[in-house]
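Q: Let the sequences and hints guide you as you build the complete structure.
Quick note, the sequences are listed as chains A and E, same order.
Residue numbering for the first sequence follows full-length UniProt numbering, beginning at 1 and increasing consecutively.
Residue numbering for the second sequence follows full-length UniProt numbering, beginning at 1 and increasing consecutively.
A couple of the hints might just be wrong.
Take a look, some chain E residues computed to stay more than 12 Å from chain A by CB distance [as the list claims (entries may be wrong)]:
{"id": "1", "residue": "T22"}
{"id": "2", "residue": "T39"}
{"id": "3", "residue": "R41"}
{"id": "4", "residue": "G44"}
{"id": "5", "residue": "V46"}
{"id": "6", "residue": "F49"}
{"id": "7", "residue": "G51"}
{"id": "8", "residue": "G90"}
{"id": "9", "residue": "H99"}
{"id": "10", "residue": "A120"}
{"id": "11", "residue": "A243"}
{"id": "12", "residue": "D286"}
{"id": "13", "residue": "S288"}
{"id": "14", "residue": "Q294"}
{"id": "15", "residue": "T353"}
{"id": "16", "residue": "L359"}
Straight-line distance between alpha carbons at most 30 Å, and here's what the computed DSSO-like set of lysine-lysine pairs gives [as the list claims (entries may be wrong)]:
{"id": "17", "chain 1": "A", "residue 1": "K185", "chain 2": "E", "residue 2": "K301"}
{"id": "18", "chain 1": "A", "residue 1": "K182", "chain 2": "E", "residue 2": "K301"}
{"id": "19", "chain 1": "A", "residue 1": "K311", "chain 2": "E", "residue 2": "K149"}
{"id": "20", "chain 1": "A", "residue 1": "K182", "chain 2": "E", "residue 2": "K182"}
{"id": "21", "chain 1": "A", "residue 1": "K272", "chain 2": "E", "residue 2": "K198"}
{"id": "22", "chain 1": "A", "residue 1": "K165", "chain 2": "E", "residue 2": "K182"}
{"id": "23", "chain 1": "E", "residue 1": "K231", "chain 2": "A", "residue 2": "K149"}
Covered stretches of chain A (chain E as the covering partner; in silico rule of three or more C-beta atoms under 8 Å from a C-beta of chain E) [what the hints assert, rightly or not]:
{"id": "24", "segment": "150 to 161"}
{"id": "25", "segment": "175 to 182"}
{"id": "26", "segment": "216 to 225"}
{"id": "27", "segment": "313 to 323"}
{"id": "28", "segment": "334 to 340"}
Quick caveat, the hints were computed from the structure, so don't treat them as lab data.
Think of the CB as a built atom: it goes at the ideal place given N, C-alpha and C, for glycine as much as any other residue.
2 protein chains.
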Amino acid sequence: MSKEYVVAVVGATGAVGSRMITMLEESSLPIKSIKLLATIRSAGKVLQFKGQDITVEETTEQSFDGVDIALFSAGGSVSAKFAPYAVKSGAVVVDNTSHFRMNTDVPLVVPEVNAHALDAHNGIIACPNCSTIQMMVALEPVRQAFGLKRIIVSTYQAVSGAGAKAIAETEREIQEVVNDKKDPKDVIAEILPSGGDKKHYPIAFNALPQIDVFTENDYTYEEMKMTNETKKIMEDPAIAVSATCVRIPVILAHSESIYIETEKVAPIAEVKAAIANFPGAVLEDDPSQQVYPQAVNAAGKRETFVGRIRKDLDAETGIHMWVVSDNLLKGAAWNSVQIAETLHERGLVHATTELKFDLL
Amino acid sequence: MSKEYVVAVVGATGAVGSRMITMLEESSLPIKSIKLLATIRSAGKVLQFKGQDITVEETTEQSFDGVDIALFSAGGSVSAKFAPYAVKSGAVVVDNTSHFRMNTDVPLVVPEVNAHALDAHNGIIACPNCSTIQMMVALEPVRQAFGLKRIIVSTYQAVSGAGAKAIAETEREIQEVVNDKKDPKDVIAEILPSGGDKKHYPIAFNALPQIDVFTENDYTYEEMKMTNETKKIMEDPAIAVSATCVRIPVILAHSESIYIETEKVAPIAEVKAAIANFPGAVLEDDPSQQVYPQAVNAAGKRETFVGRIRKDLDAETGIHMWVVSDNLLKGAAWNSVQIAETLHERGLVHATTELKFDLL
Numbered sequence: 001m002s003k004e005y006v007v008a009v010v011g012a013t014g015a016v017g018s019r020m021i022t023m024l025e026e027s028s029l030p031i032k033s034i035k036l037l038a039t040i041r042s043a044g045k046v047l048q049f050k051g052q053d054i055t056v057e058e059t060t061e062q063s064f065d066g067v068d069i070a071l072f073s074a075g076g077s078v079s080a081k082f083a084p085y086a087v088k089s090g091a092v093v094v095d096n097t098s099h100f101r102m103n104t105d106v107p108l109v110v111p112e113v114n115a116h117a118l119d120a121h122n123g124i125i126a127c128p129n130c131s132t133i134q135m136m137v138a139l140e141p142v143r144q145a146f147g148l149k150r151i152i153v154s155t156y157q158a159v160s161g162a163g164a165k166a167i168a169e170t171e172r173e174i175q176e177v178v179n180d181k182k183d184p185k186d187v188i189a190e191i192l193p194s195g196g197d198k199k200h201y202p203i204a205f206n207a208l209p210q211i212d213v214f215t216e217n218d219y220t221y222e223e224m225k226m227t228n229e230t231k232k233i234m235e236d237p238a239i240a241v242s243a244t245c246v247r248i249p250v251i252l253a254h255s256e257s258i259y260i261e262t263e264k265v266a267p268i269a270e271v272k273a274a275i276a277n278f279p280g281a282v283l284e285d286d287p288s289q290q291v292y293p294q295a296v297n298a299a300g301k302r303e304t305f306v307g308r309i310r311k312d313l314d315a316e317t318g319i320h321m322w323v324v325s326d327n328l329l330k331g332a333a334w335n336s337v338q339i340a341e342t343l344h345e346r347g348l349v350h351a352t353t354e355l356k357f358d359l360l
Numbered sequence: 001m002s003k004e005y006v007v008a009v010v011g012a013t014g015a016v017g018s019r020m021i022t023m024l025e026e027s028s029l030p031i032k033s034i035k036l037l038a039t040i041r042s043a044g045k046v047l048q049f050k051g052q053d054i055t056v057e058e059t060t061e062q063s064f065d066g067v068d069i070a071l072f073s074a075g076g077s078v079s080a081k082f083a084p085y086a087v088k089s090g091a092v093v094v095d096n097t098s099h100f101r102m103n104t105d106v107p108l109v110v111p112e113v114n115a116h117a118l119d120a121h122n123g124i125i126a127c128p129n130c131s132t133i134q135m136m137v138a139l140e141p142v143r144q145a146f147g148l149k150r151i152i153v154s155t156y157q158a159v160s161g162a163g164a165k166a167i168a169e170t171e172r173e174i175q176e177v178v179n180d181k182k183d184p185k186d187v188i189a190e191i192l193p194s195g196g197d198k199k200h201y202p203i204a205f206n207a208l209p210q211i212d213v214f215t216e217n218d219y220t221y222e223e224m225k226m227t228n229e230t231k232k233i234m235e236d237p238a239i240a241v242s243a244t245c246v247r248i249p250v251i252l253a254h255s256e257s258i259y260i261e262t263e264k265v266a267p268i269a270e271v272k273a274a275i276a277n278f279p280g281a282v283l284e285d286d287p288s289q290q291v292y293p294q295a296v297n298a299a300g301k302r303e304t305f306v307g308r309i310r311k312d313l314d315a316e317t318g319i320h321m322w323v324v325s326d327n328l329l330k331g332a333a334w335n336s337v338q339i340a341e342t343l344h345e346r347g348l349v350h351a352t353t354e355l356k357f358d359l360l
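A: Shown next, in the form of structure tokens:
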């Protein structure tokens with residue numbers, strides 16, 4: 001009988017964690033048992049896995065004894081602290097936070113794009129940022145066929161990317177405007193645009209051009225993630241990427257307006273065919289029938305939807321497109337579980353001999 | 001005593017028309033009397049102008065006898081039919097619809113940018129599309145200082161741009177999702193994305209990459225308006241402009257993520273100074289204090305707010321910015337009344353001798 005895995009989910013009670021559990025329930029991964037971990041505040045809660053009650057436990061340095069695969073989605077500081085202990089205990093970690101993404105010892109993986117990078121793993125594999133993942137699924141088929149020189153992207157991101165509290169804040173704000181007739185600028189915000197920043201602004205009936213905090217170059221961290229992660233995943237530091245990341249009052253699914261310049265001139269029919277044939281990508285593109293991707297339709301689905309593909313009006317190698325995907329599924333939970341499935345398929349679920357990560 | 005004008009507002013009961021009345025009340029224009037015109041359906045309604053009751057009348061070919069200035073905002077077909085009669089009656093028309101914008105006999109004017117174009121008017125002046133106007137206010141100071149080669153813009157447009165019925169539809173849809181717990185994809189839409197198109201989609205918790213109907217090149221009319229109107233207003237057909245126009249669940253104020261390439265390398269501090277010194281533009285740009293333009297703050301204001309100004313990470317002459325303005329004020333009612341004020345200041349409110357427009 002082939003190996004069955006003990007799988008741990010760290011951050012099991014969060015917006016992404018709960019979807020990781022669902023993705024594992026529906027996964028082809030042979031699972032012997034599941035361990036649900038969170039902070040001490042959530043310990044004792046009872047969640048379901050395939051109809052069985054599982055009690056949430058507090059994450060500790062010892063939580064990973066006997067665990068084969070650990071999926072982390074509880075914030076960067078939790079991953080920084082506990083992922084190395086999980087590796088030391090013999091587990092393979094799939095980390096959904098930004099903490100290890102740019103570490104040269106850590107593969108950053110979108111399975112449809114660069115599964116081969118898993119082969120050299122050292123115990124931790126990073127799942128890219130949600131806004132990067134869907135862009136990679138849409139652009140990799142174009143890159144393979146025509147080369148990719150530059151990307152300019154403007155995002156329309158859902159509030160669920162900022163967690164369950166941001167969803168609740170958005171719903172409360174909208175109710176105050178719609179039901180209590182408050183002026184949108186007068187509702188009180190406590191989380192968005194970024195829980196870790198000083199000021200908070202309403203998202204109801206607004207568009208906030210800030211996701212995560214600002215870096216020294218006046219781009220936000222979210223924007224720099226799209227730049228740096230793209231170069232790492234596509235293994236090409238020469239690709240020019242500049243992003244403007246914007247939060248809008250949508251609960252689920254990120255939309256992206258993407259402009260690219262290819263190396264070779266790319267006929268639009270061939271671009272559409274390449275995307276339609278790429279795993280994980282779905283072409284939704286028929287202006288004559290008003291067919292294009294929409295957030296409300298992408299919510300709950302694992303695919304990345306691509307449409308509005310058209311030539312730039314001037315640049316010979318310029319192409320515009322509209323890319324939509326569920327930020328909690330392909331953008332987080334599904335991409336993480338898909339990495340675990342790919343590790344299994346490639347025989348890469350094994351303990352690491354040399355520990356390359358600091359035990360804090 | 002200097003001349004006082006009889007001013008007509010065509011489409012007085014609409015979302016833009018009602019704001020035109022407010023802008024006229026607050027205007028420096030010497031107004032003798034006001035005439036409020038609409039369809040026969042709205043005739044008989046009583047509206048206020050500076051505390052006086054004014055009864056709305058049906059628009060007819062004879063409505064413009066004695067009128068000096070006629071502001072039109074009742075749809076392209078109403079302008080096509082009645083604006084030439086207004087000119088024939090001796091009025092100067094400021095038309096807020098797209099009908100006459102690309103007509104070579106019609107100046108297309110953003111007063112801060114190209115007021116000089118008014119001098120050659122033939123009785124009709126067109127007010128540009130809302131999404132174009134705010135982009136012109138933000139970019140003209142940069143063009144003047146450094147030249148402008150190309151624009152790539154992705155918009156985040158408010159539903160009020162589609163009229164009062166679209167606002168009501170949006171509010172109903174949001175209530176169905178928030179209060180009645182409907183899935184956003186299951187709410188019934190009847191207007192958006194475009195009242196004149198075949199299919200209608202929910203805007204609540206969604207982003208719709210279609211504004212107006214599609215043209216033959218797979219861009220929408222809204223997108224092509226941004227391209228064609230920019231070239232006409234800036235009097236430079238060589239400027240490359242490609243747009244992606246997107247509707248989001250915001251009631252008031254359009255936001256735009258704009259990428260430009262200048263002719264000369266433009267130091268960011270000088271770009272910011274040029275925008276800050278330009279009439280009608282307000283610089284809101286301090287990442288260290290999380291200061292950037294927001295739709296909820298721009299609503300109700302006449303200015304165009306500009307922030308998030310930063311160098312492209314790769315292109316030497318590339319600059320990104322975030323531009324927000326009230327689409328019903330600077331994007332429509334205020335820009336129209338501002339054109340009327342400028343006509344007055346330049347002594348251009350006069351009857352036209354040669355009628356250049358067809359009487360339908």
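Q: Against each hint, give a clear statement of whether it holds in the structure.
A: Now for the hints, and whether the structure bears them out:
1. No Cβ of chain A approaches the Cβ of E:T22 within 12 Å, the least distance being about 17 Å, so the stated non-interface status holds.
2. The beta carbon of E:T39 sits about 28 Å from the closest Cβ of chain A, which is more than 12 Å, so the claim that it is off the interface holds.
3. A cut-off of 12 Å between C-beta atoms confirms that E:R41 is not in contact with chain A; the least separation is 28 Å.
4. In this structure E:G44 is separated from chain A by more than 12 Å, as the shortest Cβ-Cβ distance comes to about 29 Å.
5. The non-interface label for E:V46 is consistent with chain A: the shortest C-beta to C-beta separation is roughly 25 Å, beyond 12 Å.
6. No beta-carbon of chain A comes within 12 Å of the beta-carbon of E:F49; the shortest separation is about 25 Å.
7. Once the 12 Å rule is applied to beta carbons, E:G51 is consistent with being away from chain A; the minimum gap is 25 Å.
8. A cut-off of 12 Å between C-beta atoms confirms that E:G90 is not in contact with chain A; the least separation is 41 Å.
9. The Cβ of E:H99 lies farther than 12 Å from every Cβ of chain A, with a closest approach of about 23 Å, so its non-interface assignment holds.
10. The Cβ of E:A120 sits about 28 Å from the closest Cβ of chain A, beyond the 12 Å cut-off, so the non-interface label holds.
11. Not every C-beta of chain A lies more than 12 Å from that of E:A243, the closest at about 9 Å, which undercuts listing it as non-interface.
12. Distance check for E:D286 against chain A: the nearest CB is about 10 Å away, which does not clear 12 Å, and the non-interface claim fails.
13. For E:S288, the condition that its CB be more than 12 Å from all CB atoms of chain A is violated, with the nearest at approximately 7 Å.
14. Consistency note on E:Q294: stated as away from chain A, yet its beta-carbon is not over 12 Å from all of that chain's, at 6 Å minimum.
15. Every CB of chain A is more than 12 Å from the CB of E:T353 (nearest about 39 Å), matching its label as outside the interface.
16. In this structure E:L359 is separated from chain A by more than 12 Å, as the shortest Cβ-Cβ distance comes to about 35 Å.
17. Taking the CA atoms of A:K185 and E:K301, the gap is near 13 Å; set against the 30 Å cutoff, the hint holds.
18. In summary, the hint linking A:K182 to E:K301 is supported, as the alpha carbons are separated by about 18 Å, within the 30 Å threshold.
19. Distance check on the hinted pair: A:K311 and E:K149 sit about 18 Å apart at the alpha-carbon level, within 30 Å; holds.
20. Note on A:K182 and E:K182: the hinted pairing holds, with a Cα-Cα distance of about 23 Å set against a maximum of 30 Å.
21. For the suggested pair A:K272 and E:K198, the alpha carbons sit about 24 Å apart, so the restraint of at most 30 Å is met.
22. Proximity of A:K165 to E:K182 is assessed by CA-CA distance (about 21 Å); at most 30 Å being required, the pair is judged to hold.
23. Under the criterion of a C-alpha separation no larger than 30 Å, the hint pairing E:K231 with A:K149 is consistent with the structure, at around 27 Å.
24. By the rule of at least three residues with a Cβ nearer than 8 Å to a Cβ of chain E, the coverage given for the segment 150 to 161 of chain A holds, with 4 such residues.
25. Proximity of the segment 175 to 182 of chain A to chain E, defined as three or more residues with a beta carbon under 8 Å from a beta carbon of that chain, is established by the 3 residues found.
26. A count of 3 residues in the segment 216 to 225 of chain A with a Cβ less than 8 Å from any Cβ of chain E is obtained; the coverage claim is therefore met, three being the minimum.
27. Residues of the segment 313 to 323 of chain A lying with their CB closer than 8 Å to a CB of chain E number 6, which satisfies the three-residue condition for coverage.
28. Counting residues of the segment 334 to 340 of chain A whose beta-carbon sits less than 8 Å from any beta-carbon of chain E gives 0, not enough to reach three: the coverage restraint is violated.
Hint check: violations occur at hints 11, 12, 13, 14, 28; the rest are consistent with the structure.
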